[in-house]
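Novice: Below are the chains, spelled out letter by letter.
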Amino acid sequence: NAGVTQTPKFQVLKTGQSMTLQCAQDMNHEYMSWYRQDPGMGLRLIHYSVGAGITDQGEVPNGYNVSRSTTEDFPLRLLSAAPSQTSVYFCASRLQGAYNEQFFGPGTRLTVL
Amino acid sequence: AQSVTQPDIHITVSEGASLELRCNYSYGATPYLFWYVQSPGQGLQLLLKYFSGDTLVQGIKGFEAEFKRSQSSFNLRKPSVHWSDAAEYFCAVAANNAGNMLTFGGGTRLMVKP
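Chains as they are written, first to last, in our numbering: chain A, 40 to 152; chain B, 13 to 126.
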């Protein structure tokens, strides 16, 4: 089991560029989510999905898009990067049910210049 | 909407000393409560969780936490800290409905003195 994998580990973008952060899990988890981590603010939920074809907004969704075409993959797209999106991004997955443990990927450190 | 407060941004303890990290939550009903740990440059790992039953829960690495409904708290404790416990600790709360959203506190960074 690879668990939750994320690519790339590091990325530098210029303002206005677009990119996709990849996330995959091999645990057959229905629920997947994206968080951003900023100093002093903990992790904030961007988007989540409860299954293939179903996505919903979290606390800070603006500037980000997601899709869930398969159970395994949950990519996060930045359409037009802004310096405010400089952050560390974590993908997580778990079984259905809010009491279940979330398994986190290693993170992607994104810098927008 | 639920929220979580971790009042201590940084804590420094000596190796072998006891530890208590504070967590206060805001939620209308009984929540699901979690403590996660993040080592430098790593993702988060679950230490323990509470969702019902005994209010004192045991976790991995010798950690425990106590749910106190009257104080809306879920403090994390360890009787004797090891140097390898230096990390950032996050308390989190999830609503016990289909909302599926997990809300994190701002984190407490633990440093351990030799």
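Treat the hints with care, since some could be wrong.
Derived contacts from chain B toward chain A, CB cut-off under 8 Å, selection only [claimed, not checked]:
{"no.": "1", "residue": "Pro19"}
{"no.": "2", "residue": "Ile21"}
{"no.": "3", "residue": "Tyr37"}
{"no.": "4", "residue": "Gly40"}
{"no.": "5", "residue": "Tyr44"}
{"no.": "6", "residue": "Gly55"}
{"no.": "7", "residue": "Leu56"}
{"no.": "8", "residue": "Leu58"}
{"no.": "9", "residue": "Lys61"}
{"no.": "10", "residue": "Phe63"}
{"no.": "11", "residue": "Ala98"}
{"no.": "12", "residue": "Leu114"}
{"no.": "13", "residue": "Phe116"}
{"no.": "14", "residue": "Gly118"}
Derived coverage of chain A by chain B (criterion: at least 3 residues anywhere in the stretch with Cβ under 8 Å from a Cβ of chain B; other residues may be distant) [unchecked claim]:
{"no.": "15", "segment": "70 to 82"}
{"no.": "16", "segment": "132 to 145"}
Derived DSS-like pairs (lysine-lysine); straight-line CA-CA distance at most 30 Å [claimed, not checked]:
{"no.": "17", "chain 1": "B", "residue 1": "Lys61", "chain 2": "B", "residue 2": "Lys125"}
{"no.": "18", "chain 1": "A", "residue 1": "Lys48", "chain 2": "B", "residue 2": "Lys61"}
{"no.": "19", "chain 1": "B", "residue 1": "Lys80", "chain 2": "A", "residue 2": "Lys48"}
{"no.": "20", "chain 1": "B", "residue 1": "Lys80", "chain 2": "B", "residue 2": "Lys61"}
{"no.": "21", "chain 1": "B", "residue 1": "Lys73", "chain 2": "B", "residue 2": "Lys125"}
{"no.": "22", "chain 1": "B", "residue 1": "Lys73", "chain 2": "B", "residue 2": "Lys61"}
Note that these hints are calculated values from the structure, not bench results.
Virtual Cβ for every residue (Gly too), placed ideally from N, Cα, C.
Novice: Next, verify each hint and record whether it holds.
Specialist: Hint by hint, here is what the structure shows:
For proline 19(B), the suggested interface contact is broken, since its CB lies about 13 Å from the closest CB of chain A, more than 8 Å. Against a cut-off of 8 Å between C-beta atoms, the interface hint on isoleucine 21(B) holds, since the closest Cβ of chain A lies about 7 Å away. Taking 8 Å as the C-beta contact cut-off toward chain A, the hint placing tyrosine 37(B) at the interface is violated, the least distance being around 13 Å. A least Cβ separation of about 15 Å between glycine 40(B) and chain A goes past the 8 Å threshold, and the interface hint is therefore violated.
Because the beta carbon of tyrosine 44(B) sits about 5 Å from the nearest beta carbon in chain A, less than 8 Å, this interface hint is met. Proximity of glycine 55(B) to chain A holds as hinted, the smallest CB-CB distance being about 4 Å (cut-off 8 Å). Because the closest C-beta pair between leucine 56(B) and chain A is about 4 Å apart, less than 8 Å, the hint holds. Residue-level restraint check for leucine 58(B) holds (minimum Cβ-Cβ distance to chain A is 5 Å; threshold 8 Å).
About 7 Å separates the beta-carbon of lysine 61(B) from the nearest beta-carbon of chain A, less than 8 Å, and the hint is met. With a least beta-carbon distance of about 4 Å to chain A, the hint placing phenylalanine 63(B) at the interface is held under the 8 Å criterion. Nearest Cβ of chain A to the Cβ of alanine 98(B): about 17 Å, over the 8 Å cut. The hint is violated. Of the supplied interface hints, the one on leucine 114(B) holds, with its beta-carbon coming within about 7 Å of a beta-carbon of chain A, less than 8 Å.
Given hint, phenylalanine 116(B) at the interface with chain A, holds; its Cβ is 4 Å from that chain's nearest Cβ, closer than 8 Å. Checking glycine 118(B) against chain A: minimum C-beta separation of about 5 Å stays under 8 Å; hint holds. Only when three residues or more bring their CB closer than 8 Å to a CB of chain B does the claim for the segment 70 to 82 of chain A stand; here the count is 7, and the claim holds. For a cut-off of 8 Å, the count of residues in the segment 132 to 145 of chain A with a CB near a CB of chain B stands at 7, and the three-residue condition holds.
For the given pair, lysine 61(B) sits about 28 Å from lysine 125(B) by alpha-carbon distance, which is consistent with the 30 Å threshold. For the given pair, lysine 48(A) sits about 29 Å from lysine 61(B) by alpha-carbon distance, which is consistent with the 30 Å threshold. In summary, the hint linking lysine 80(B) to lysine 48(A) is not supported, as the alpha carbons are separated by about 39 Å, beyond the 30 Å threshold. This hinted pair checks out: lysine 80(B) and lysine 61(B) have alpha carbons roughly 14 Å apart, not beyond 30 Å.
For a cut-off of 30 Å, the pair hint linking lysine 73(B) to lysine 125(B) stands: about 18 Å separates their Cα positions. For the suggested pair lysine 73(B) and lysine 61(B), the alpha carbons sit about 14 Å apart, so the restraint of at most 30 Å is met.
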